[in-house]
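Undergrad: Residues per chain are reported as follows:
There are 2 protein chains.
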Amino acid sequence: MMGTSTQVQPLLINYKTLEEFKRFKEYGIQELTMLEDLQGNIVENNSESPFFGIYIGNALVARMSLYRVSAKYDHYFEPPQDYLELWKLEVLKDYQGQGYGKQLVDFAKSFELPIKTNPRVNSHNFWERMGFQKATYKVERDLGENPLLWLPQGVEEQNDKEE
Amino acid sequence: MMGTSTQVQPLLINYKTLEEFKRFKEYGIQELTMLEDLQGNIVENNSESPFFGIYIGNALVARMSLYRVSAKYDHYFEPPQDYLELWKLEVLKDYQGQGYGKQLVDFAKSFELPIKTNPRVNSHNFWERMGFQKATYKVERDLGENPLLWLPQGVEEQNDKEE
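Each protein sequence line maps, in turn, to chains R and B.
Positions 1 to 163 (UniProt numbering) are the ones given, in order, by the first sequence.
Positions 1 to 163 (UniProt numbering) are the ones given, in order, by the second sequence.
Hints in this document: simulated from the structure, not taken from any laboratory.
No residue lacks a Cβ here, since even glycine has one placed at the ideal position from N, Cα and C.
Please note: incorrect hints may appear among the correct ones.
[Stated by the list, open to error] Label-pair restraints from in silico Cβ distances:
| id | chain 1 | residue 1 | chain 2 | residue 2 | range |
| --- | --- | --- | --- | --- | --- |
| 1 | R | Phe111 | B | Gly57 | 50 to 58 Å |
| 2 | R | Ile42 | B | Gln81 | 39 to 47 Å |
| 3 | R | Asn41 | B | Pro152 | 31 to 39 Å |
[Said to hold, decoys possible] DSS-like cross-link-like pairs, simulated, lysine-lysine; straight-line CA separation at most 25 Å:
| id | chain 1 | residue 1 | chain 2 | residue 2 |
| --- | --- | --- | --- | --- |
| 4 | R | Lys134 | B | Lys25 |
| 5 | B | Lys72 | R | Lys72 |
| 6 | R | Lys138 | B | Lys25 |
| 7 | R | Lys134 | B | Lys22 |
| 8 | B | Lys138 | R | Lys25 |
| 9 | B | Lys134 | B | Lys72 |
| 10 | R | Lys93 | B | Lys72 |
Given only the sequences and the hints, what does the whole structure look like? Please build it.
TA: So this is what it looks like as structure tokens:
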């Protein structure tokens, strides 16, 4: 460990973070919007973001986004309840295979809420190891998604196949 | 053209189609579910699917999914209205650059409804050429998506930034 911190921490919106985000493959409209909002003074420097990450020394090596979805929009879990949407989980290539992905997922699980994610197809093995299961695909709800769910004790998948 | 048909056609769920789907990169839980439903006699052979495609001779070379979302779930367009969600637009590598992607998008536009898609980040140039524009990113609505919109005449983006 050599004294480096590998805690999961919330990421603040600032130019350094946004520059580091460019190293991640899943850089998209979300990040571009954060940059524009910062440049246009629509948000303050060091505003909160939905991102959490792991630093090694000064460098961001892994990140994810987390958002708490309200029970009234819950179409996945039984009983319906607040749940976490997790996206853009990514570990930079040179740091893969060292447990940082698991560390981020464990952090998300620590809120003790159900979790939904919509991973890239080729990461299903990882999500299975993390205890996630495929949701029953419903075209009108899931459209182009590949939803995977993590169910804490006492929570089941909603099973009304028809809607 | 040599007599081959390059019309866009609705794709029916059968073993031949589902086998052809495996050649597309964006093969996921949606297709696996269609296969399981067919194997388990939950759907009949040649049931309708949300997919449309282009054949050259006997081979499926391009496809997309389209779903009509009801106005009551419209959080993108002003006035709120039925719109089309478009996903998994993909042309097989050997057939790219020949206008099949545009042909599929033009087919979607022919319904004269607004269209929303959530493309892979590296296809934004294509979508811009097709007349799509970035939606204003809203974390609580868009989460991990990169929404792009096509607005027919008289339709605007919903502009209530706060919700």
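Undergrad: Take the hints in turn and mark each one as holding or not.
TA: Consistency of the hints with the structure:
Against the hinted window of 50 to 58 Å, the Cβ-Cβ separation of Phe111 of chain R and Gly57 of chain B comes to about 53 Å, which satisfies the hint. Distance hint check: the CB atoms of Ile42 of chain R and Gln81 of chain B are about 29 Å apart, inconsistent with the given range 39 to 47 Å. Remark: the range hint 31 to 39 Å for Asn41 of chain R to Pro152 of chain B is upheld by a beta-carbon distance near 34 Å. A threshold of 25 Å between alpha carbons decides the hint, and for Lys134 of chain R with Lys25 of chain B the separation of about 19 Å falls inside it, so the pair holds.
The suggested pairing of Lys72 of chain B with Lys72 of chain R holds, with an alpha-carbon distance near 15 Å, which does not exceed 25 Å. A distance of roughly 21 Å separates the Cα atoms of Lys138 of chain R and Lys25 of chain B; the hinted pair therefore holds under the 25 Å criterion. Note on Lys134 of chain R and Lys22 of chain B: the hinted pairing holds, with a Cα-Cα distance of about 19 Å set against a maximum of 25 Å. Distance check on the hinted pair: Lys138 of chain B and Lys25 of chain R sit about 20 Å apart at the alpha-carbon level, within 25 Å; holds.
Of the pairs offered as hints, the one joining Lys134 of chain B and Lys72 of chain B holds, with about 22 Å between alpha carbons and a cut-off of 25 Å not exceeded. Taking the CA atoms of Lys93 of chain R and Lys72 of chain B, the gap is about 42 Å. The hint is violated against a cut of 25 Å.
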